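Undergrad: What follows is each chain in one-letter form.
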Amino acid sequence: MAADTKVEEVSTPKTIPIVSAMGRWTLEELSALRTSWQLWLSVCANWRKIEWRATIHQAHEVTNRSALLVAVVMAFTGAILIVQGGTQAQRIVGDLSPIGPAFLQLLIREFGPVITAFMIAARYGAGIAAEIGSMRVTEQIDALRLAGAPPVQYLVLPRIYGGLLGMLPIIVFGSVIAYYTGAVTAFYGFGVGWDTYFSTSFVKLADVAVGVAKSLTFGIAVPLMSCDAGLNARGGAAGVGQATTRAVIASSVLVLFLDLVVGTLGYLLLG
Amino acid sequence: MLRLVTNVGEVALQFVHETGGVSLVLGRLCKRLFRFKIDGDEFFRSMRSYGEQSLLIIMLTAAFTGVIMVLQTAVYVKKFGVYDLVGWFAGFSTFREVAPLLIGLMFSGRVGANNCSELATMRITEQLDALRILALDVYELMILPRTLAMVLSMGVLTVFGNLMAVLSGALSARLLFDLEYNTFFFSLFDRLQPEDYLVGIEKALVYGFVIAIVSSHFGLNAKSGSRGVGRAVNAQVVACAVALFCVDYVMTSLIR
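Heads up: the protein sequence lines correspond to chains A and B, in order. Mapping to the numbering used here: the first sequence position 57 is 67, numbers consecutive. Mapping to the numbering used here: the second sequence position 123 is 1213, numbers consecutive.
It should be emphasised that the hints constitute simulated quantities derived from the structure, not laboratory data. Predicted model only: the values in this text are computed from it and were never measured. Ideal Cβ positions, reconstructed from N, Cα and C, are used throughout, including at glycine. Hints should not be assumed to be uniformly reliable.
Short, incomplete list of chain A residues facing chain B, as computed with Cβ under 8 Å [claimed, not checked]:
(1) Trp35
(2) Ser46
(3) Gln48
(4) Ser52
(5) Leu106
(6) Ala132
(7) Arg133
(8) Ala140
(9) Glu141
(10) Ala153
(11) Tyr189
(12) Ser211
(13) Leu215
(14) Val218
(15) Leu266
Have a look at the derived ranges for each label pair, beta carbon to beta carbon [to be verified]:
(16) B/Leu1282 <-> A/Ala77: 44 to 50 Å
(17) A/Thr210 <-> B/Asp1268: 28 to 34 Å
(18) B/Phe1134 <-> A/Val103: 46 to 52 Å
(19) B/Gly1171 <-> A/Pro179: 25 to 31 Å
(20) B/Phe1126 <-> A/Leu278: 54 to 60 Å
(21) B/Val1246 <-> A/Gly201: 49 to 55 Å
(22) A/Gln100 <-> B/Val1095: 25 to 31 Å
(23) A/Asp152 <-> B/Phe1134: 51 to 57 Å
(24) A/Thr210 <-> B/Arg1125: 38 to 44 Å
(25) B/Asp1129 <-> A/Leu215: 57 to 63 Å
(26) A/Asp152 <-> B/Asp1129: 41 to 47 Å
(27) A/Gln100 <-> B/Val1246: 30 to 36 Å
(28) A/Glu149 <-> B/Leu1261: 46 to 52 Å
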């Protein structure tokens, strides 16, 4: 009998590396989503505890520190979209006169908020994550907690309110720059006159409402994801680096997702 | 006022400095390209790890993009009733412009940042100097294979992303405007030329190259100290974004 019983071989299942890596990534992301959700809940629970000075300081950081980056990127965006839209319009409609108003509508509703929010995520979000992340790995967050200063109230809330205050102005600023570089491109590239370009005939109140709603949501989303990445940083300087890249990617994906959600809601509710 | 002038000057100097650094990396890379001795193992390893790192995030991004582009057509659909243009509009802007750009931004945030932090860590722990002492060339060993891997992965990822965007676009058009799948795909295939698709892929390949040299430059020139790596990675993400938009503008106006 004893001879028959073999030691049962523990066979590790063969895995396709890329699939298992993707599965692992999904699981990690889901658990990370849970921590961001918890952070969001505690932010909601403490929403009254505004620190005005810190909030104003953060709003200043959002707008001022990223202004140049946003200006450069949005200037290119305006030119690119006009060239692209002009090509599109020439091929299908053969009439370039609606290019200005159509571009303004697209800018207000879609590209102004999204591209600017991406840039804010790359600069402000990464900055927050690095700051809070290095506080976390040097145990300053624990020190704050010990001193009776909850990090959500002193670190996270001012950044979220700062984002909420600062995002709309910087998006308007970026969109204005894109609109004017678009005008220059349309004039010199396609010969569209200033009068035809600067017309608001395509823009309705619904577009402005959707644009503002998007700006405000992104203003909350970017600091939230970045604070979460920073608060969950682990293990020394390398951990802080990882937290920064996490913050950029997570904020960007959430921005796109919220863009989709708010855009769909706007279409269904406002048209 | 003086502070403003100082700031602008500093930014301009920094811009010139980084541009010069990136072109140095580009020049050295080109020199190695002629000899073309490439480390095959590193190439395949990088290809695989780039795919693992970014495939899911890029598919997600592309899926969102498809829906957003279809939503944007809603205005025209309502105004002019052009249901047969939805597929074309969504496809045209996604393939030519939005998909490569967004995929490039995500790729730079994930793969570029990883490459940069790895090189920066090697730099501040003096491993790069050790390589030089062993008469090993870091460009041949790491940067050339990685650059090729990034260029190729961007191409492949954009093909995947485009597919994802079209599928999610068709689905959302169906749900939002009750547009038949047939109408969507017919207007996509009928009005779109193969060039429109290929322009996007070309752009993606160039973006891959840009991300590779920019991230390598910031990694190779990281300042020492534990904060150096973090700073390098942050600067890399911002610089990549600016470089991508700049290259995008040049390519868009060259290829009409």
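Undergrad: Does each hint hold? Answer for all of them.
TA: These are the hints, each one checked on the structure:
1. Trp35: holds (6 Å)
2. Ser46: At about 16 Å, which exceeds the 8 Å cut-off, the nearest Cβ of chain B leaves the hint on A/Ser46 violated.
3. Gln48: violated (22 Å)
4. Ser52: Interface hint status for A/Ser52: violated (26 Å vs cutoff 8 Å).
5. Leu106: violated (14 Å)
6. Ala132: Check passed: Cβ of A/Ala132 comes within 5 Å of chain B, closer than 8 Å.
7. Arg133: holds (6 Å)
8. Ala140: holds (5 Å)
9. Glu141: Violated: closest Cβ of chain B sits about 10 Å from A/Glu141, beyond 8 Å.
10. Ala153: violated (19 Å)
11. Tyr189: violated (16 Å)
12. Ser211: violated (11 Å)
13. Leu215: Violated, because the Cβ-Cβ distance from A/Leu215 to chain B comes to roughly 13 Å (cut-off 8 Å).
14. Val218: Check failed: Cβ of A/Val218 comes no nearer than 13 Å to chain B, outside 8 Å.
15. Leu266: holds (4 Å)
16. B/Leu1282 <-> A/Ala77: 44 to 50 Å: violated (38 Å)
17. A/Thr210 <-> B/Asp1268: 28 to 34 Å: Once the Cβ atoms are compared, 31 Å apart, the range 28 to 34 Å for B/Asp1268 and A/Thr210 holds.
18. B/Phe1134 <-> A/Val103: 46 to 52 Å: holds (48 Å)
19. B/Gly1171 <-> A/Pro179: 25 to 31 Å: Because 38 Å falls outside the window, the suggested range is violated.
20. B/Phe1126 <-> A/Leu278: 54 to 60 Å: holds (56 Å)
21. B/Val1246 <-> A/Gly201: 49 to 55 Å: violated (40 Å)
22. A/Gln100 <-> B/Val1095: 25 to 31 Å: violated (43 Å)
23. A/Asp152 <-> B/Phe1134: 51 to 57 Å: violated (44 Å)
24. A/Thr210 <-> B/Arg1125: 38 to 44 Å: violated (58 Å)
25. B/Asp1129 <-> A/Leu215: 57 to 63 Å: holds (59 Å)
26. A/Asp152 <-> B/Asp1129: 41 to 47 Å: Hint holds: Cβ distance 44 Å, inside 41 to 47 Å.
27. A/Gln100 <-> B/Val1246: 30 to 36 Å: Because 32 Å falls inside the window, the suggested range holds.
28. A/Glu149 <-> B/Leu1261: 46 to 52 Å: holds (48 Å)
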